[in-house]
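Once you've looked at the hints, dock chain B against the given chain A.
Each chain, letter by letter, is given below.
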Amino acid sequence: MSTSLDKVRNIGISAHIDSGKTTLTERILYYTQRIHAIHEVRGKDGVGAKMDSMELERERGITICSAATYCSWKDYAINIIDTPGHVDFTIEVERALRVLDGAVLILCSVGGVQSQSITVNRQMTRYNVPRIAFINKCDRTGANPGRVTAQLREKLQLNAVAIQLPIGLEADMEGIIDLVIMKAVYFDGDNGDIIREEEIPAALKEEADLAREEMLDAVSMFSDELMEAVLEGTPTVEMIRDAIRIGTLKLELTPVMVGSAYKNKGVQLLLNAVGDYLPCPTDVKNIALDLDNGEAEVQVSNQPGDPLVALAFKLEDGRYGQLTYVRTYQGTIKKGETIVNTRTGKKVKVGRLVRMHSDEMEEIEESGSGDIVALFGIDCASGDTFTDGKVNYSMSSMHIPAPVISLAVTPVDNKAQGNMSKALNRFTKEDPTFKTFMDEETGETIISGMGELHLDVYIERMKREYGAELKVGAPQVAYRETITQRAEFNYTHKKQTGGSGQYGRVAGFLEPFDGEYEFVDAIVGGSIPREFISACDKGFQKSMPKGALAEAPITGVRVTINDGASHAVDSSDVAFQLAAIGAFREGYLKASPVLMEPIMKVSAEGPTEFQGAIMGSLNQRRGMIVGTSEEGNYTVVDAEVPLSEMFGYSTILRSLTQGKAEFTMEFSVYRQVPKAVAETVIQERLKNKKK
Amino acid sequence: MQKEDLIAKNPLRVFAQDGAGKEINQRMGLVMARAGLGKTAILVQIALDNILRGHQVLHVSVGASLEKTKVWYDDILQDIAEGAKLEKPQEIRDAVMRNRLIMTFKEAGFTRPKLEERLNDLVYQNVFRPACVVVDGFDFATAGREAVADIRELMTIMDMQVWFSAVVHRDDSRVSANGVPAPCHEVEDLFDTIMLVKPETDSPSLALDVLKDATGCVKPGKALTLDPATYLVKKA
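Those sequence lines, one after another, are chains A and B. The letter at position 591 of the first sequence is residue 590 when you use numbering that gives the first Met the number 0, and the numbering goes up by one with no holes. The letter at position 84 of the second sequence is residue 83 when you use numbering that gives the first Met the number 0, and the numbering goes up by one with no holes.
If we strip away everything but chain A, and leave its shape as in the complex, we get (with noise of 0.2 Å):
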C-alpha cells in the first residue's frame, strides 16, 4: 500500500437493490487486476461474483454483507467497500461510509433514483461524504441518463452535473463522450479492456458542445481561474478537473458519469474519476473525542507518525477467531504492537494483521493512517476505538437503527438449542441492528431485526451455518405506549410493620414530552430530600420499559414530581424508586395511555397498467397513499402503512402485478393505533401472556 496518503482512496459503492453495485466492483477488480475472470451475480456458472462470498447471496444473487477489498489504479490504492442494496441490511452501508472518504452513488439509467438511492444518499450526506454519481445500465431498454440526472436534482437535491454523454443507449451504446477531454472513449477487446479514445462523432458534437457548456457553467462556480478561462475560452482539462474536484469534496457538486458495467464500459473512466475527484484521507475532516479532556473535539491528524487512532467498523466471527475490520485515521498500527481499546481499558496485542480481498486475506506487517485493514484474534465489539494508549481518544461510533421487526424462534431439539445460542451471539455482536433477548414470561426467545429479508437471512444462516433448525413463529409487531393527556398523581409506599420500614410519598404529574422521557423536579421546601430524588427518577425510568395496556415500551412522557414526603427512618433509596413506580403507575392509567404501532414508509413500483391494484392493496392495509409519481411507463405508489399489515406483501404484490413490480419499506414514525385494532393487539398480548 502508497504511504503517499494523497493517493489512497477510501470509497464506498452503494445504491438501490439491483442497480449494479457487485458487477461494477467485479469489473474494477479485473480493470486493476485483483481477479483474472469476470463472473456474473447471477451468472450460469455458478461461480458468482468475487465480493458475494456468502452462499447465501451467490443463491439468491443479493449481497448480504458489506466486503472489503483493495486494488491500485494507475498510481492510486483504492480500498473499495461493496454495500448490500436492501434496507434490512442498512447497517452495512451505515458502517462503510462511516469509515469511508468517498462513495459512487449508483443509479439504474432505466429504475433511476429508488427509494434506497435516497436512503444510501441520506446516508452519505449524514456522514458528509463526497460521491460521484454513475449513471449504470445504459445498455437497457428504456435508458434514460437525462432523467435520471434531473432526478438527481429533484428527488436527492444534489448540484449533478453531467461530465460525460453515452454514445447511443439500449442495444445501440457504443461507448462514451467525456466531456472534460472533450473526447469519445471506445471500450474495446472481450471484457472491454482496450480503451480507444476518438473525436466526437458528428451527429452528437452539437449536443456534445452544449452539454459541455452546461458543465462549464456549474464546474466554473468552484474556480475563479476557471472562469476566467471560460470567458476567455481557454480553459484548460487540468483547470476544469480541479474544479470539479473542489466542488465534490465541498459537497456542492456531484458528477455525474455514464456506462454498463454489465457490458464493460465506462468502468475504467470511473477509476480515474475516483483518483480526480474523491478525496484521499487528508482531504476529510475526521473528528475524535479527548476522553481525558471532558471530550473535547480533536481533529486526527492522519499522520503516520502521531499516536494511534483507529476504529473497528465491523466484525466477523469466523473458524480461526474474530475479525475485526478497522479504519486508521492516524499513526500506525504494527503487528505484534499492543494497543489499547478505550471502551474497555483493555490492552490487546496485535497477533495478526491482514488486508482483504472480500473473503481472502493477505498478511502485512503494518497499515498506515487511511487505510482500512482487519485484526484476527481481537475482542472487541463494533464501534470501539483503539490507540496505542498515549491518547485517551474516541470516535465516535455509527447510526444504529432501532429494529421495527420480531420473530419469536424455537429450536426443534436440544443440539438445535445449543446452536442456535453460538450462532444468536455471533451474529448479535457482528450486527447491531439484529438483537435477541429471551421473553422472560413466554421462555421464547426473540430475534429482532430492520425486516422479513433481513431475519429470514439469518435463520437460514443459523440452519446452514450452524446446523440449528428452527421452528419460527408469528411476526412481532414493535408496538409503544404513550400518554395522551397530563395526568396527577400522589403515591405512598408505606411498609411500616415493626422493626426497619419503607415509606416514600411522590406526588406530582404526567404529561406527554416530544422526546422519549424526561424528568422535572419541582421540588420545593425539601418536601422529598435532595439524597432520593434520583431514586425518584430510578423508579420512574423502570416503569417505562412495560407500559400497562399491551405491556410495549412506553414512550413520550415528561414525569414532574412537585411535592412528597419522607419519614426520618424508614425513607430510602428503595422506599422512593418503589413510591415513584406506585406513582407512575397511578398516573399513567389516568392519562389515557394508547397504544402507538410502527408506521413504515413504503414504496412500491410497477407498471403503470397496475397502479390502481398497488394503490388498493396499499389502501386495505390501512395504508395511507401520500402520492404517486410517473416515470415513463412505470409509477411509484408512495405511502405510509403499518408494519403489522405489511407481513407478506411482497408476494401479494408479486401476484397483483404478474412479478413486475417491488417494494422497498423503512421505518418512518410511531402512531397511535385506532382503538378497533389497537383492542385486538392488546387481546392477543393478554392471551398470550396467560398461555
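It is possible that some hints are incorrect.
Unchecked claim - Within a straight-line C-alpha distance of at most 30 Å, the following computed DSBU-like cross-link-like pairs (lysine-lysine) qualify:
| hint | chain 1 | residue 1 | chain 2 | residue 2 |
| --- | --- | --- | --- | --- |
| 1 | B | K234 | A | K154 |
| 2 | A | K659 | B | K67 |
| 3 | A | K600 | B | K105 |
What the hints assert, rightly or not - Listed next, the stretches of chain B that the computed footprint assigns to chain A, with coverage defined by at least 3 CB atoms under 8 Å from CB atoms of chain A:
| hint | region |
| --- | --- |
| 4 | 128-137 |
| 5 | 160-166 |
| 6 | 185-199 |
Unchecked claim - Distance windows between CB atoms, simulated:
| hint | chain 1 | residue 1 | chain 2 | residue 2 | range |
| --- | --- | --- | --- | --- | --- |
| 7 | A | K541 | B | S204 | 52 to 60 Å |
| 8 | B | A140 | A | A473 | 53 to 61 Å |
| 9 | A | I532 | B | P88 | 33 to 41 Å |
| 10 | A | K541 | B | K234 | 49 to 57 Å |
| 11 | A | R152 | B | K234 | 37 to 45 Å |
| 12 | A | K686 | B | E3 | 39 to 47 Å |
| 13 | B | E3 | A | P544 | 34 to 42 Å |
| 14 | B | G35 | A | R125 | 26 to 34 Å |
Just so you know, the hints here were simulated from the structure itself, not pulled from any lab data. Backbone N, C-alpha and C fix where the C-beta goes; we use that ideal spot for every residue, glycine too.
Leaving out everything else, chain B in the frame of chain A:
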C-alpha cells in the same frame, strides 16, 4: 383557535358559497400570475380549505416532484398553525394526510385520458374520491384549447371542481377583452373563475384580483391579498 374557527375565518371561504349561500361543488378555476408570485401557495390553500371542510383533494403536480409538493403543504400548514395559534395543529396535519393525494406527472405525460385513468383507478379501487382537483404546472402555452375543454368535460362528468395555475409572461402582452392575460386569453370561457395575482402599487402585499366569476360567489375586482412573506391569503 380551533379547527372550526379556522374554517369559518378562512378568506378563501368567499369562493365556497354563492350569494344565496349554496355550496359550489363544481367549478373550473384558474389562478394566474408571473413566476414566483404565489400560484402554488394559493392552490395549496384552496386544497387545504377543501380538506378542512371534509373533502378529499387530489393535487396534480406537472413537472414537480412529490417531495417538493409535500413541502409546500408542510410549510403553509406551519405558517397557518403559528399565525392562528391552533390548539391542535397535529389534528389538521392528520386530516391533510388522510384527505390529500399527490400525483406527479412529467409535462408530456399529463393528458385527459391519463388523468381519467388515474382518477378511475382511485375511485374503483375505493382508495380516494376527490371532490377537488388542483393542477399545478399545466402548460397552457402548448396545450391548446381542446386539451383544456377535454379536462373541463371530465370534471363535469366526475362532478368535481378543479383549479389550475398558469404562468403569465412579462413579454407576452396579449390580453382578452375581460383582461385575462396570455396564455389563457383564448380559453377564458372554459373557466368559471379566474384570478390574477399582481403586485400592489401602494403596499408590499400582492393583490388577488378576480377577473371573472360565473358562480356568483364574488364580484370581479380585488377580492383578497397575499402576504408576500408567507404567501398566505388574507382578506382585502
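Verification of the supplied hints:
A distance of roughly 36 Å separates the Cα atoms of K234/B and K154/A; the hinted pair therefore is violated under the 30 Å criterion. Between K659/A and K67/B the alpha-carbon distance is near 28 Å, which keeps this suggested pair within the 30 Å criterion. For the suggested pair K600/A and K105/B, the alpha carbons sit about 23 Å apart, so the restraint of at most 30 Å is met. Taking a C-beta to C-beta cut-off of 8 Å, the region 128-137 of chain B contributes 0 residues in contact with chain A, too few for the three needed, and the coverage statement is violated.
For the region 160-166 of chain B, the stated coverage by chain A is violated: 0 residues have a C-beta nearer than 8 Å to a C-beta of that chain, whereas at least 3 were required. Counting residues of the region 185-199 of chain B whose CB lies closer than 8 Å to any CB of chain A gives 0, so the stated coverage by that chain is violated, three being the minimum. Between K541/A and S204/B the C-beta distance comes to about 57 Å, which sits within the given range of 52 to 60 Å. At about 58 Å, the CB distance of A140/B to A473/A agrees with the hint of 53 to 61 Å.
For the pair I532/A and P88/B, the beta carbons lie near 34 Å from each other, so the given range of 33 to 41 Å is met. One distance hint, 49 to 57 Å for the beta-carbon pair K541/A and K234/B, holds here, with the actual separation near 55 Å. Distance hint check for R152/A and K234/B: the Cβ-Cβ separation is about 39 Å, which falls inside the suggested range of 37 to 45 Å. A C-beta distance of roughly 42 Å is found between K686/A and E3/B, which places it inside the suggested range of 39 to 47 Å.
Checked against the given bound of 34 to 42 Å, the beta carbons of E3/B and P544/A, roughly 40 Å apart, stay inside it. One distance hint, 26 to 34 Å for the beta-carbon pair G35/B and R125/A, holds here, with the actual separation near 32 Å.
Of the numbered hints listed earlier, those contradicted by the structure are 1, 4, 5, 6.
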